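*Asks:* What follows is the residue order along each chain.
Protein chains: 4
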Amino acid sequence: MKGYGMFEVNKVGWLEKEKPVLTGGDAILRPVAVAPCSSDTHMSHGGSGSRTNVILGHEAIGEIVEVADNVKNFKKGDIVVVPCVTPDWDAVPLQDPDHSEAHDHSLMGGFKFLNSKDGVFGEFFHVNNADANLVHMPDDVTIEQALMTVDMMSTGFYGAEMAKVKLGDTVVVFGIGPVGLMAVAGAKLRGAGEIIAIGTRPNCVELAKEYGATKILSYKEGDLADQVRSLYPEGVDCTIIAGGTTDNITQSLRMVKPGGIISNVNYYDSSETVSFPALLWGLGMSDITITGGFCRGGARRIERLLNVIRSGRVDPGKLLNYKFEGFDQIEDAYKLMDEKPRDLIKPYVVIDWDKEA
Amino acid sequence: MKGYGMFEVNKVGWLEKEKPVLTGGDAILRPVAVAPCSSDTHMSHGGSGSRTNVILGHEAIGEIVEVADNVKNFKKGDIVVVPCVTPDWDAVPLQDPDHSEAHDHSLMGGFKFLNSKDGVFGEFFHVNNADANLVHMPDDVTIEQALMTVDMMSTGFYGAEMAKVKLGDTVVVFGIGPVGLMAVAGAKLRGAGEIIAIGTRPNCVELAKEYGATKILSYKEGDLADQVRSLYPEGVDCTIIAGGTTDNITQSLRMVKPGGIISNVNYYDSSETVSFPALLWGLGMSDITITGGFCRGGARRIERLLNVIRSGRVDPGKLLNYKFEGFDQIEDAYKLMDEKPRDLIKPYVVIDWDKEA
Amino acid sequence: MKGYGMFEVNKVGWLEKEKPVLTGGDAILRPVAVAPCSSDTHMSHGGSGSRTNVILGHEAIGEIVEVADNVKNFKKGDIVVVPCVTPDWDAVPLQDPDHSEAHDHSLMGGFKFLNSKDGVFGEFFHVNNADANLVHMPDDVTIEQALMTVDMMSTGFYGAEMAKVKLGDTVVVFGIGPVGLMAVAGAKLRGAGEIIAIGTRPNCVELAKEYGATKILSYKEGDLADQVRSLYPEGVDCTIIAGGTTDNITQSLRMVKPGGIISNVNYYDSSETVSFPALLWGLGMSDITITGGFCRGGARRIERLLNVIRSGRVDPGKLLNYKFEGFDQIEDAYKLMDEKPRDLIKPYVVIDWDKEA
Amino acid sequence: MKGYGMFEVNKVGWLEKEKPVLTGGDAILRPVAVAPCSSDTHMSHGGSGSRTNVILGHEAIGEIVEVADNVKNFKKGDIVVVPCVTPDWDAVPLQDPDHSEAHDHSLMGGFKFLNSKDGVFGEFFHVNNADANLVHMPDDVTIEQALMTVDMMSTGFYGAEMAKVKLGDTVVVFGIGPVGLMAVAGAKLRGAGEIIAIGTRPNCVELAKEYGATKILSYKEGDLADQVRSLYPEGVDCTIIAGGTTDNITQSLRMVKPGGIISNVNYYDSSETVSFPALLWGLGMSDITITGGFCRGGARRIERLLNVIRSGRVDPGKLLNYKFEGFDQIEDAYKLMDEKPRDLIKPYVVIDWDKEA
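Residue numbers (the working numbering), protein chains in the order written: chain L, 1 to 357; chain F, 1 to 357; chain P, 1 to 357; chain D, 1 to 357.
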């Protein structure tokens, strides 16, 4: 079968690979809508080290083409929402209280596309533990909305959850790309008061305001922590980092109050170092918490996000501002993501297999 | 001085009492806006036992007329928001992790108006620990919005907080009086998906939808738990009880999933009993939690709620649909609250002391 | 095969049944050590309604006699610790934050022995999801210790966990049977200060002190809540109910402070009602939480409890004060449990299959 | 009055200063037992920047010599336990959920001795908010035990609390000085299974085992993270840093599992930098939390710790292995602390004012 991916670092294109094989509890799907992500381009440029011959893509709505006998809730032909994190739910570490399903048997082990198998940009792709990981595509949300739950919304909202946003908190969000925009929406939906979003791209600024940002700051107007401290001399309750470099951790330490939280959903480059003077952390005494994690996954996570959408709380479909049609267009969509023109928020591709045939 | 209150159970009117005396850390205020509450009428009818010669009222915006020397943040003439719960912040029990300030030295000891001193329907009223309990009236919210923070919004939101509403939760709210409406808004602001509000009064139903309810149920359409279970066979994540009798706890047990939460902000009558078959609670094994508490208080609570309002997340001022003007009109407003005409949500009185003079 | 169980309510004896059948991911075991539990006798007397032809028993150390091909961590001949709760880990409700595994697809659905299949008092018994539910019997704990992890220790400790015992808390434990004793040990291991255990049986009293009780109260000395309040006029932080009737909830409400927690691990009879005056709950305003749930399960839970034992924190093996040997002795052990002589804490049976042959 | 302190950085001795002045709610005490702390020596060597003419000391049992009229619970002559953190309890930031009292109006503002006023090594010292900050010296604990609650036990236990030690956790503690030893005891009292303490001094090693350490590691035996990973290939649940340099944060990142917690109670030098490769933090995706804070304070904290002691859970008095007698001996005790001979755990001074006269 054919799939768009990386032959090696910095060499992408159409790969020819074996169709994935069905095993117990699993399903084989074909993509009906996919969205390239900066994690895909990041990996293709070597951000996760040397990788060869991997089909890219981890955000998809799919159609089930084959399903194991012991799968109960799904059958051939079903259209399903596919979380980007699809854990092995019988992994013992997942039984630990508060353990994130992103780390089933190992660090980020629940993130299987790209990491331990081919992604969703193939003619077919494999999903483990179908009953626990897939969700039927509902009638009452759009395909764009559903597609945005699987990573962007789940990740951005997780930023707000790790930040433990309390009613009336003042929250800073670094970055207003798709994840940052969803972090803004998530902070609003956890009850934040003021949400200060940091970014400059005009259409993203507009969307940030629509999703709940009450102030927009830009690095062009001066040091960000200085700007925040002049607005909130006491400091802010928490920050959510959804873009940029590890320097945003240092900036955050200068922004948050004693007892505050710095929540990271940004995927750093393997060349980066986290580094800050102990003094900014109150010499270890500030009760400021630094945390960061990978997006939650599994079926219930997606069901919850769909509930949020269908209840009219937020429309993540607005993130998708470049539409492509047809399997082959995955290439163009991917390249657009890689180029990141200034007006791009997020591209996607819709695939009609009747037309493909 | 004059104040509207109860001479004894079921006998209300204008009392003549001594003006309150200033002590260290405290302030004397006069009311500039007040709202009667069902807790006032409840008490006047003997719901809290026998009480004599007490000025009623605990929801107020006030003007400081006298202030102790050691108060740092307030001076004569300041207009301030007055939380209905004004704890003694140096009470040792408050130092316990997670202890609610409503119980400073004793059960509901932080609720001082009505309970341990005269309320806010007097020409003057007393506020302890002014620096820690008062908040300057901000320019960027209306007096109606500010007035609704001190009890209605704080109480309703506390219902959502005790229910630990998670992103995408399905939530049932019993009652769509002012507290129930704020519980709906609070649930939305904690990230609820579906919010099922229970009530029948048309203008409240409209407001419930505006505040975030996605479904409205009425007891007139049949047993409530049956209705909920037919919509959500798996059960709901939590319920917030903001009205009715203890039977709503039993109803809730029939609605929530294993692991769910029943959160009560309803003030029951001293004649009531909580009673349910152990079977509805899974014979003690259901991991369903029943909790209930009194609204949070103090200055920071109010600041947080004002942040929520000024950030445009919710407008609690819409609860106030009957306006009165002048100190003497407290009587009419109180009587309206007592009569509860079908279209009443919440009355309030604005007092202009220049005109009073 | 043969198994000890109930033909119908109040009629127990040796049943002849089909050997359980292996399916994917599962294992068939034979018991090498088992302990009857009051839940077994409770059920045989109709406490869970009408049941027929069920093999009893849910506390076991077993030997694997057959194992599915796709089980990775276990093989024939392995001696394993078997949690009494063995969930289907791919149940979607388990993915909810804080959801207890006791309720996989339904209320107590994770408790499969007795409930949805035969128990462990048979020549063979079945365990679903072996990799996620079984733990290798370690060398460094005794078989008595390991046997007590699967229900008694897990349940008693869960009582302390639901009570959210904080450092220095004053804790009341109702009941000093095996679960109550483990609740005492669990409270100590969550950092409790004073632990007041309620009970009268001399050997249990001794063991309660050894496990961490600092005071022992008896209903023979007068009303329990009165006794507690005379010792702690402010009230206690939490209670753990591990025995008795629903009246202990009412007693608890009279004992705990505002903000306190009542944690129930007692399995009530289906004929019981929970009933208390609203006044004892502060008319719904006391911030007192009532919660109760079924013991946690799965492999990691057992691993954690074994870690506690091997680190020398507690020796649950002391609960077992009546030893039987041989498969047929299950009958005597069961009958002893049913009779509950005053000096019985917990009986158990060790089975050597070489001798059985 | 006379007090032992610092004239300037690196110049200590007996200072002559004005006796502190009583204001509302406050008390003046004289020390009856004090213990020098490494924070005192740290400050005298310039670790907190340039400071002049400050009396040192912040761990004390005191006798009240003067008390404000509005103090209710204490009178002249009372012997009291004095927490090292004595917040202004009416500070509005303390009203925030989860806010530590160490930061009342500002970062570490609740730590007043040394920071904003003279310490406890004077003939007299001042305590603000006496009713909320002092605790009567109980009859049933020793003066050594009580003296160790005010900082060492409170700080060490806070390390275990921030680490959110769960039942059966595997915990690493860096450092077995007095704080590290109390972190070991605290981890045990939060239910830890294995506790791996890192240190080499023989008497501390013995005490670590007595307080609950199950393994002792030494940097002399090789890289610490390598040692931990060879014992626990999956990683440990959390680390508590109670000594050393910021490199222990990096070491911790190599030790803990995804989802784990790094809890710091070590006071770093203002010259230090926290620095680690993003890769060790899973490029921001590991769900590993780094937190650190200053010891809790106030009366209730001390009461809780005294409850733990009187219930026989731990004896912190064993930390004090060098005893001095008489006010003048504060100098020798301080110098011993500064020299830190290899067998020193913690020195203290007992003062009998009858003999002093």
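Quick caveat, the hints were computed from the structure, so don't treat them as lab data. Just so you know, these numbers come straight off a predicted model, no measurement behind them. Take the hints with a grain of salt, since some may be wrong.
[As the list claims (entries may be wrong)] In silico lysine to aspartate or glutamate, DMTMM-like type, Cα no more than 25 Å apart, as pairs: (1) P:K215 <-> D:D98; (2) P:K166 <-> D:D139; (3) L:K75 <-> L:E8; (4) L:K340 <-> L:D354; (5) P:K209 <-> D:E234; (6) L:K117 <-> P:D98; (7) F:K215 <-> L:D139; (8) L:K164 <-> F:D139; (9) P:K164 <-> D:E303; (10) F:K164 <-> L:E325; (11) F:K166 <-> L:E144; (12) D:K164 <-> P:D69; (13) F:K209 <-> L:D139; (14) P:K335 <-> P:D69; (15) D:K166 <-> F:D98; (16) L:K19 <-> L:D247; (17) P:K72 <-> D:D140; (18) L:K164 <-> D:E331; (19) F:K117 <-> P:E234; (20) P:K72 <-> L:E325; (21) L:K164 <-> P:D98; (22) L:K72 <-> F:D354; (23) F:K72 <-> L:E18; (24) L:K166 <-> F:D354.
[As the list claims (entries may be wrong)] Interface residues of chain P toward chain F, partial, derived using beta-carbon atoms under 8 Å: (25) F7; (26) N10; (27) E16; (28) H45; (29) D98; (30) H99; (31) H136; (32) T200; (33) P202; (34) N203; (35) T246; (36) F276; (37) W281; (38) G282; (39) I290.
Ideal placement from N, C-alpha and C gives every residue a C-beta, glycine not left out.
*Asks:* Find the hints from earlier in the document that the structure breaks and name them by number, from lowest to highest.
*Replies:* Violated hints: 1, 3, 4, 5, 6, 8, 10, 12, 14, 16, 17, 18, 20, 22, 23, 24, 25, 26, 27, 28, 31, 32, 33 and 34; rest satisfied.
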